[in-house]
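Make one complex out of these two single chains by using the hints.
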Amino acid sequence: MMVLLDPALDPVQDTGEGEDPGARFPRLSMVSNGLLNLRVSNRSGYWVASSASPTERFGPRDRLGRDRLLVTAELDTALREYLEALFLDVVTGPPASFLPLDQLRHVLESDRRQDLAVGVLVNSERQAIVLIRGNFARIVVPWSWFRPTPAGLAPDFGDVEVIDHGLTIRLGRYEAAVEAILYELDRDFRARERQRRIDMDPAFGAALRRLRIQKGVPRSGFPGITEKEIARIERGEVSRPHAATLRAIADRLGVEAADIETF
Amino acid sequence: MPEQLPLPKRLSAEGWKVKIRDLEHGEPPHATVIRGTTDWRWNLRSRQFMDRQPNARDVPTELVRLMRAHHADLVRWWDTTFPDNPVGPGEEE
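Sequence lines, in order, name chains W and G.
Following the numbering used here, the numbering of the first sequence begins with 1 at its first residue and continues without gaps.
Following the numbering used here, the numbering of the second sequence begins with 1001 at its first residue and continues without gaps.
What the hints contain is simulated information worked out from the structure, not anything from laboratory work.
Predicted, not measured: the structure shown is a model, and the values here were computed from it.
Take the hints with a grain of salt, since some may be wrong.
Below, in silico cross-link-like pairs of lysine to aspartate or glutamate (EDC-like), each with a Cα-Cα straight-line distance of 20 Å or less [said to hold, decoys possible]:
1) W:215 with W:184
2) G:1017 with W:102
3) G:1017 with G:1073
4) W:215 with W:201
5) W:215 with W:259
6) G:1017 with G:1003
7) G:1009 with G:1062
8) W:215 with G:1027
9) G:1017 with W:179
10) W:215 with W:188
11) G:1009 with G:1058
12) G:1017 with G:1058
13) W:228 with G:1084
14) W:228 with W:251
15) G:1017 with G:1062
16) G:1017 with W:161
17) W:215 with W:256
18) W:215 with W:227
19) W:215 with G:1079
20) W:215 with G:1084
21) W:215 with W:261
Isolated chain G, as found in the complex (with noise of 0.2 Å):
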């Protein structure tokens, strides 16, 4: 079952969405910011966002602060889900 971020009302009712879903593209390890058409990936490792576009500074700062407050339950909701690709260090080397 995916994980998502509750947000505020307000937040929600603009369509954003924070997931992690089951099956997601697995390098590096990160959350998805959703808003309608657009999606940016948010770096669990680096706590920054990975891509060049869609631009970083569309995402409204209360919900990037919001994923930094969360992020032990973002680290926790990936590695529960992707156990061979953890958040940490902890890659079989």
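Next comes chain W alone, as it looks inside the complex (with noise of 0.2 Å):
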């Protein structure tokens, strides 16, 4: 039997029908050795257990749908099953390796923790890996989306963690920022880092232009269409290209057309 240090914490009088007015959150706690719980309000929040064993507290009449589980430990398909009836969303290790559980809590603490990786899963066979985001949520990241270096640094996808608190993806001596992987691949975080941003020009060319030197693509890249052109498009020289350029543009650098003036 585990020891609560926090009984208030216990998922079946937390997540009840009846809000506490007073209840200030997020709270995190750690409920017992091996679990932490993080409470975003009263009916919802996230559990991290560093084994199977903690999983043992969660009953089938606990209310935990709105709740979220990260288990670092691997677990048999039956619990597994048993806990995703009981969890909105469930993540368990391995083959997903994570932060260790210091750096994870601080991940979790931080009001940006959807902008952080917890972890990360490669997944040889289809050449991609799965980023595991501080609110659970799963991107997949396509091999070819890293880069080598000029230099002929190379990542490597057999020895892939996350470092730096969730800030950086480490794949062999690699490094790769995960904001960097989010503002390409997540048209929300380039919503919210658009509003965090002091100089960046609003202005389509602008955008354009960030994204082709994201995607590394040079401006004589563009089949076509001249690098005069797109030079002209990027200083604002054109407002708005052609329907037709646009579209060759986006599919050029593998976007939405209408994405363009989200980077």
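Here's what the structure looks like:
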């Protein structure tokens, strides 16, 4: 039987129908040895277990349908399916690897947890990695997205981990900023980033330039469109390119035409 | 391999890092100051912090002074890693 350090965090009591207007959120607690809980409201929260045994406390009558669970250890299929029936979402490892528990705790405490990584999973067959974010949402990143450096350093997908409190993914000796991944693959993240930044030009041309540089495409790299024309668009001398030009640019950069100005 | 500015022991012990990683959000060129779950982007062109949040005042003056003193190294590291997007006015026009 585990000892609860904070009985108020018992999921049976804490996820009931009644809201507690006096409760303050978010609230992070070590509920028992190897079990962290972050309440973001009376009804929803995040749990992190460092092994299967702390999950024994979750009974069939617990109301956990708005909670998410991360277990850093491997679970057998039966236990996993049981927990998946109880929780809104369950993330487990291995093969996924996660930040050490102390760093994971800091990510959960952060108000930008959704913009940090807590874990990563490599799928060699599909040649992709799955980035697990601080809100336990997952995002798939193709291996091809990680360009080797000009010095020839390539990412090593056999040696991948999250470091720097969720700000960086290490792939062998190669490091990638999580921000760079989310900026390209998550439109909501881009919208938040635009609010955060001071020196970002909101013009279409500036957005195209940022995206082109992010993708590593030179101005000469757009079939059917001259380098000079791309330069004119980026300088704002063409307020809005023709639809066909826009489609060609978007196709080359691998995005929807409507998304270019979000970069 | 990421470039990391060597810092005095006190700053390192407090968890501060200054990095240019192999894959960064590319525009504009910058070094990233990291401490815990917080990161600040320092523009290598303007030598100023780029973002409204987090507050640049939370970064120790000593660390900012070090970045200014090693600006040439940071620029060289960036330009080596991202030659298509150099710090100087070298973008193809």
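Structure versus earlier hints, numbers of those that do not hold, lowest first: Going through the list in order, the structure violates no hint and respects every one.
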